[in-house]
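Peer 1: One line per chain: the protein sequences are V and G, in this order.
Count the first sequence with numbering that gives the first Met the number 0 and you get residues 0 to 201, in order.
Count the second sequence with numbering that gives the first Met the number 0 and you get residues 0 to 430, in order.
These are calculated hints, taken from the structure and not from any lab test.
Note that the coordinates shown come from a computational prediction; the quantities given were computed from them, not determined experimentally.
Heads up, the beta-carbon is just placed ideally off N, CA and C, and yes, glycines get one too.
Hints are supplied without guarantee of correctness; some may be wrong.
[As the list claims (entries may be wrong)] 30 Å max Cα-Cα, derived DSSO-like pairs, lysine-lysine:
(1) K172/G / K82/V
(2) K153/G / K49/G
(3) K106/G / K342/G
(4) K50/V / K172/G
(5) K245/G / K110/G
(6) K154/V / K170/V
(7) K187/V / K153/G
(8) K342/G / K187/V
(9) K188/G / K114/G
(10) K119/G / K292/G
(11) K110/G / K137/G
(12) K217/G / K49/G
(13) K372/G / K334/G
(14) K342/G / K114/G
(15) K66/V / K172/G
[As the list claims (entries may be wrong)] Some chain G residues close to chain V (C-beta under 7 Å, calculated; not the full set):
(16) E133
(17) S352
(18) A370
(19) A371
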Amino acid sequence: MTTKLGRCLTLIIPVVNVGGQYNHLIARMFTELGAQSQLVPIETTIEDVRKMKADALATGGGPQRIKEALREGTLGNLPNLVKQVDIPLLSICISHQLLGVIYGGDSGPALAPEFGPVEIVVDAEDDILQGLGPTFTAWGSHNDEVVRLPQAFIKLAHSENCRIQAMKHEKNPLYGLQFHPEVSHTEKGRLVFQNFLSVVKR
Amino acid sequence: MMKKIEMCISHHRTNNKSPCQRIVRKGEPPLLESSFNVEDFVKSQVSEVKSRVATEKAMIAISGGVDSTTCAAIVHRAIGSNLKPILIDTGFMRLDEPEEVRRALSKPPLKLRLKIVRAKSSFVRALDGIENAEEKRKAFRETMYAILGDNARKEGCRYLVQGTIAPDWIETKGGIKTQHNVLEQLGIKTLEKYGFTLIEPLVSLYKDQVRQVARYLKIGEQFSERQPFPGPGLVVRCVGRTYPTKLGALKKATKMVEKGLVDQGAQQYFAVILENQFEDSQLIIRVQESVSKFLTLNPDEVSVKVFGESATGVKGDERAYGRVTGISLVRPIRKKFGGDISKLVELEAQITSSFPQIVRVLYMIDERKRAAKYSVVIRSINTRDFMTAQVTLLPWNVLSRIAGELLRTMKSVSAVYYDITPKPPATVEFE
Chain V
0 MTTKLGRCLT LIIPVVNVGG QYNHLIARMF TELGAQSQLV PIETTIEDVR
50 KMKADALATG GGPQRIKEAL REGTLGNLPN LVKQVDIPLL SICISHQLLG
100 VIYGGDSGPA LAPEFGPVEI VVDAEDDILQ GLGPTFTAWG SHNDEVVRLP
150 QAFIKLAHSE NCRIQAMKHE KNPLYGLQFH PEVSHTEKGR LVFQNFLSVV
200 KR
Chain G
0 MMKKIEMCIS HHRTNNKSPC QRIVRKGEPP LLESSFNVED FVKSQVSEVK
50 SRVATEKAMI AISGGVDSTT CAAIVHRAIG SNLKPILIDT GFMRLDEPEE
100 VRRALSKPPL KLRLKIVRAK SSFVRALDGI ENAEEKRKAF RETMYAILGD
150 NARKEGCRYL VQGTIAPDWI ETKGGIKTQH NVLEQLGIKT LEKYGFTLIE
200 PLVSLYKDQV RQVARYLKIG EQFSERQPFP GPGLVVRCVG RTYPTKLGAL
250 KKATKMVEKG LVDQGAQQYF AVILENQFED SQLIIRVQES VSKFLTLNPD
300 EVSVKVFGES ATGVKGDERA YGRVTGISLV RPIRKKFGGD ISKLVELEAQ
350 ITSSFPQIVR VLYMIDERKR AAKYSVVIRS INTRDFMTAQ VTLLPWNVLS
400 RIAGELLRTM KSVSAVYYDI TPKPPATVEF E
């Protein structure tokens, strides 16, 4: 019975493919940690997510500049999905910027774009960055960043050249990460996913 | 708790497929949905190939790399001698490589008889005068598949097997670079265009998973642990225009660099060749200032060159095709800074962040006074899956020994650099 239960409790976490190079690695990371995960298109709706019986949702990076993409409507259904999502959300890179804009913050060109290794300073070792403080090396690849934190959000980490490397909603399980925890060169990237899974199981 | 159990029971009752699978976008192979099991993977691929090909013949395009060789082993299990292995000698392979691959494949456990098709002149013609990296890649692809199509027809093969893996189509579809072996995923109809149907058993795997399969199939360390070699071969390391003397010099340099770095723990290491033609650019002074400030040197201890030929990078998930810069410190301090590659990578990060047009930063290891036609770049990286890559922290004496040998034995080379750019913002290969 316990083994059956164990198998039945496999978490289902679709990953919205926003077009970036590492989106597949997010799904790979979740599956390696025992969840069921797969890429879904950027047109995915909240109804699709409900039909999948998803326990959580992740959204990846992409080549777009967020404000331009919002103006031109090139993000498919992603803006709606992010507004409507009622399960834990992990958004990475430009999805993190989208989350920021949708919740009333702002996104714009970075002070200095980051490509490759970046030292992340943890400001709050809150649930998702549990065990990653005081600093760790992550890999980034971004031209834009969240330049103003949305009101209901808390900053969790920054780097020398990026003001908001990680943030979370103060009440709901909504997370944004500018760096890429899914690439193998990010130290303890796996731990970020494990922390997220703990949030999902809560 | 109750909700989850109910949900799972209904899910398991309906089918074994992931609920997400139903809306995977057409043309994108689904990646594996649960943790990777090598034995199951091989079994399922063997039976799928068996049922698709049945009693017909299939041709496999072999390069001698881990992907195509692993693919050959899987398909050989499925259809035996109906598999026809072929290697197209493009002229852009390494010295003696086609013959070496044929010999290695003929030995147990593979025991495959490889047909080599000499097609050097077709490729030289197709690439003649082309400088742009993407145009080179596309010209290479068209030539390659036209020849494969002809040969498949001659041998009566309706199927072409190839070792395309996940990063190939991810990079191609993401617009980073056109990998030559990505066709269907771009909507190219191979049956109409070249006369064969494609079979790609490894299309959902990453490199580290392919190596797991290769070890499981016991195809030999020579293949399973072999460092990757790009599909278009030396085309993408002969930066800019390709022509016989430049290619010849690159082949020689490749041999020396591979030999010199074989035991340094890197996943990929090779030589690249660039022409010594430089831009007289505004960038030079600004980069020079940036370098001297970062390393706290006098500006006259630093010189900067901007190469005329462009290279490929990836910045913020977007293709970046731009400038290659070489940094040269005066001789007495070159070794001191060259001994700390980590610090040089930090310098690189600052340069590629401040100057959007720069995608690669090279650090001069050694040079000769007399001007010559080419510069050679040593590239060496560490990576798990080739999606990101770190610059190998090579000891200075290893780098300077290889540079010394290159300068001593090759009169056409006047400078040797080490590439200090991770991926991102560079890609592993130059083009």
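Peer 1: Which earlier hints turn out false for this structure, listed by number in ascending order?
Peer 2: 3, 5, 7, 10, 11, 14, 16, 18 and 19
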